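**Student:** Sequence:
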Amino acid sequence: MNIDKAVLAFAGVVVLAGLALAQTYSPWWLLLSAFAGLNMLQAAFTGFCPAAIVFRKLGFKPGNAFQ
Numbered sequence: 189m190n191i192d193k194a195v196l197a198f199a200g201v202v203v204l205a206g207l208a209l210a211q212t213y214s215p216w217w218l219l220l221s222a223f224a225g226l227n228m229l230q231a232a233f234t235g236f237c238p239a240a241i242v243f244r245k246l247g248f249k250p251g252n253a254f255q
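Per the working numbering, residue 189 is the first one in the sequence shown, and the count goes up by one each step.
Careful, some of the hints might be misleading.
To be verified - Label-pair ranges, simulated between beta-carbon atoms:
id: 1; residue 1: Lys249; residue 2: Met228; range: 20 to 26 Å
id: 2; residue 1: Lys193; residue 2: Gln230; range: 15 to 21 Å
id: 3; residue 1: Pro215; residue 2: Lys245; range: 30 to 36 Å
id: 4; residue 1: Leu196; residue 2: Lys245; range: 26 to 32 Å
id: 5; residue 1: Thr212; residue 2: Gly247; range: 18 to 24 Å
id: 6; residue 1: Gly225; residue 2: Gly251; range: 21 to 27 Å
id: 7; residue 1: Val242; residue 2: Leu218; range: 20 to 26 Å
id: 8; residue 1: Leu226; residue 2: Gly247; range: 33 to 39 Å
id: 9; residue 1: Phe233; residue 2: Tyr213; range: 31 to 37 Å
Note that these hints are calculated values from the structure, not bench results.
The structure displayed is predicted, hence computed values, not measured ones.
Backbone N, C-alpha and C define an ideal beta-carbon position, used for all residues, glycine too.
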């Protein structure tokens with residue numbers, strides 16, 4: 189798995205976890221999904237993604253999203 193796919197998978201897990209926690213415990217957990225969405229949006233415009241930096245340090249190989 190390359191960095192791009194790992195970031196997408198991680199974002200998906202965070203969004204789904206936020207939704208599940210909001211359904212189960214408290215609507216405040218929707219803020220987790222909102223944070224993930226805002227982070228993806230800012231990364232699209234700035235190219236800065238903290239998760240990509242972490243995955244790179246963990247040894248994931250670089251790649252091109254959706255290829």
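**Student:** Which numbered conditions among the earlier hints are violated in the structure presented, ordered from lowest to highest?
**Tutor:** 4, 5, 8
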